[in-house]
Amino acid sequence: MIPTNAPALPPLLFLFTGLLIPLAAFKLRRLAYWLALAATAAASAVAVSNIFRVLDGGAIHYHFGGWLPPIGIEYVLDPLSAFVTSVINVIALIVLIHARRTVEADLPEGKHVPYYALVMLMMAGFNGIVVTGDFFNVYVFLEICSLALYGLVAVGDRKSPVAAFRYLVLGMIGGCFYLLGVGFLYMSSGSLNMADLKAILPVLGARPEVIVALAFMLLGFGLKMALFPLHGWLPDAYTYAPTATSSLMAPIGTKIGAYVLIRILYFVFGLGFITKTVPAATIIAWLSAAAILYGSIQAMAQDELKRMLAFSSVAQVGYIGLGIGLANAWGLVGALLHILNHGLMKACLFLVAGNFRMKLGHSRISRLDQEARRRMPWSTAAFTLAALSMIGLPPTVGFFSKWYLAWGSIRNGSWVFLAVILVSSLLNAVYFFRVVERLYLKPADRPPEAEKSGAAARVRSEVGASMLIPTLVLAAALLAAGLLNAFIVKGVLLKILPPGLAGMNP
Amino acid sequence: MNPAGVFSSLIPLWAVLASLAAVPFILLSSRRPNLREFWTLAAGLVMFGCVLSLLPAALRGQTAAAELFEVVPGVRLALRADPLGVFFALIASGLWVLTSCYSIGYMRGLKEHKQTRYFAFFAVSLSATMGIAFAANLVTFILFYEILTIATYPLVIHQETPEAIRAGRKYLAFTLSAGVLLIGAAVWTYQITGGNLDFRPGGLLAGLTLAGKTAVPLFLLFLCGVGVKSSIMPLHSWLPAAMVAPTPVSALLHAVAVVKAGVFGMIRVTAFVFGPDLLRRFGLDTVLIVITVTTILLGSLLALRQDNLKRRLAYSTISHLSYIILAAALLSGPALAAGLLHLAFHATMKITLFFCAGAVAVSLGRENVSQLNGVGRVMPWTMAAFTIGALGLSGLPPIDGFVSKWYLGAAAVGGGRPWLAGVLVLSGLLNAAYLFPIVQRAFFRRGVGLEGRREASAWMVVPLVLTALLSLGLGLYPNLFFDLARRAAAGIFGGF
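Sequence order for the protein chains is A and B.
Heads up: the first sequence at position 30 corresponds to 30 in this note's numbering, and the numbers run straight through without jumps.
Heads up: the second sequence at position 306 corresponds to 1306 in this note's numbering, and the numbers run straight through without jumps.
No lab work stands behind these hints, which were simulated from the structure alone.
What you are looking at is a predicted structure, and each value in this text was computed from that prediction instead of being measured.
What you were told as hints is all true, and nothing was included just to trick you.
Here chain A is said to cover these stretches of chain B; the calculated rule only asks that three of the stretch's residues, wherever they fall, bring their Cβ under 8 angstroms from a Cβ of chain A:
| hint | stretch |
| --- | --- |
| 1 | 1140–1148 |
| 2 | 1156–1166 |
| 3 | 1185–1199 |
The following residues of chain B were derived to be distant from chain A, with all beta-carbon distances above 12 angstroms:
| hint | residue |
| --- | --- |
| 4 | F1007 |
| 5 | A1021 |
| 6 | L1041 |
| 7 | Q1062 |
| 8 | F1282 |
| 9 | V1290 |
| 10 | Q1306 |
| 11 | G1374 |
| 12 | P1380 |
| 13 | G1414 |
| 14 | A1421 |
| 15 | Q1440 |
| 16 | G1447 |
| 17 | Y1477 |
A virtual CB, placed ideally from N, CA and C, is assigned to each residue, including glycine.
From just these sequences and the hints, can you work out the full model?
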């Protein structure tokens, strides 16, 4: 039964749990968290098992209500969507394990139940966008997850409603652009089904309304993905949202935008259209290069750790966009690997920021010192490892995604992009090293009692296991994914690539 | 499956893992210093033993290879103990054993803080050095090269003074930038060769038709990439700054392991990536010769002006590293063999001098040349060892420095560049000019405030006497290293 229903299972599971939580938790509030966790765990298991199923047996199509496409809505699980659902669900699971304590600390008890219900709706939206094969259905899920996200951001500290409102306005604009684009596409082709459109679009050729449709759709999801210069909502939203929200949004949210970009550009419009007919790929690549530099430079100027990570996200989204825009096989492999890589890194870094907030009561870079490291040695170590991956030092996975992106740039003869990738490594080194150096070398203002008395006992107050283990698991995953990246690339990512992409062979 | 002379063996892997495996034990026994230092010494001996067991095969010209898993499609994490790699590994691992003994005396003598961190990162650094020595391809090389960068940073900033932190920043800025350029160069090579990055004697790029506008920028990328660690001018200024590190770090890492990893990388790039023909065709060997001659002379001149003993030795290191690169740039078998000899012999001499500097700092608390008057009377063993090292660096027989310089000069003359022999003589005189005054002060001037001062502890004096005797012994019997160096050079340029 599961194989044929596999595409629809994760989004429906989350949707159902999202509705179940308020009902079930009516009597017992604590149930909300455990229901959410169970649903995410189940979805992760399904998503990961689906990867193997799809790689063995090819794409799985599920027709809703038995209506055949193009009339009915089709859910498709191909290697790309199987990969992305696995990444987002597994990371969401790890973050949710961590989230229990931070949600207890950040939110009043009465808000726990709606919070977890919204998390489930957000996950339903994310999963839905990834598995659906229908452009209008994408819009529906986009609105579901966006509405949930506005709530999840707004529930944070005092400044968060403003950040959420800004996000709401820009998100709405993005949604409208996307919907307009879909409208144009439907007007000119008469279809909303992705597979169907793929067959129709070459017949239509470069008609103005098709080009406008592409531009509007890219604009819409460029906003969702926070691709420079459409990133305006992101820094505030990440900074002021509660820890759990930012650590869910940062690794997962922008990846959905990247996924839709890849889906639209490579799997619907096709390589020829986006490189020869309109220079969409080139524009995305240049904007991404600007994003990488802009995000990195802004990140250097930030004092709040979460805000620094937010600007770093703008830069990292740039890497993914650059890989997409290079329009060759290794660029796209780099982008896909960076989706996984950045998901793991950013989740790890935001969890550490959450750990700092939990135990130190703040996450301001200028107030971090040796004392913080002495109290939280493991969180600091995880931060350092994730920082090394952000800089792109081997053997972490960050090195390898940059390797593929650099290779993709050289294949295209794009020396500027190669220079951007290499220079940004150094910029990353500057702004992460700033933090790491403080943590290890900045003497504490007030010498700890342990040193005064000369006793070896340390004032260690590391976060609890439910927060520490997810952080360390993510840090370890960075090393494992780095060393095993050839297996991931050969086993999964190369099978995702659309046929006909240049430069398949090394 | 394997080419002739290559047999598969896991010993290179064990050599790399020996000190890495010791790290958890070192960390776990942080409360029991004697046990902790036992792990360091045990790892050092195991590593040295592994390398020694590779030696007979290397002397026969055979190569032990350990192929692991793929890291990027088409490129495996692979270790290959060819004669060149064994040569470098032998020096680094052998001197690590002595340095570990010395470290114990030094760190305890100065009651340094955070000794566990120190010994742990020292072990990681050595592991990375073994990886660099045995790397079979560029990706493996870069992997260990960057690990070495990161692992030596905590050693450079060990004092945690503002000066040390500044030096650490400078160190990272230089080495990370270089790493990035090296990665760029490697990716470019990957594209040119179609996914092959294996080091090959005679050149990975040899036989490909490369235009000058590809080959020259690519070479410059590589040059900057490995040039920072080998501190060619103008990329050298991190090395004197890094002298704020504890002396054993300066002695082993900043005179042997790290800087020679850079020089070793330079040999890999010139002989195993580009190959002599390609370098000659575009005149790149001349570029390298000009840079190295400048570095040799300027380094020696700058050393004259330093009053801080360790900084003086650092500038001396800068100049001597360029001897080796100069030898590689001459692109002939005898020259490369002479360069490799200098790689080994400079290590024994310079580590002796650094050990002496550290011993003086521990027992007298003096770090400047101008404070060394009369030190030889209270620390005769130390300053005698220093004298041997100074004689050797100036190229006087019977110390080993004479042997390598002699062969290098002969190779320069034989290669049709007799003026380089003049450069060597001039720099030998400069060496004497910045080292002999120290000897003269120590033995022939009267010092003040030396009453009741003695030699440093035996943990320090024994290693430095041993390295001095090693310098002397290798000057008299250089055969083992000579055979190995000749074997390594013959793999690239043919027998001679």
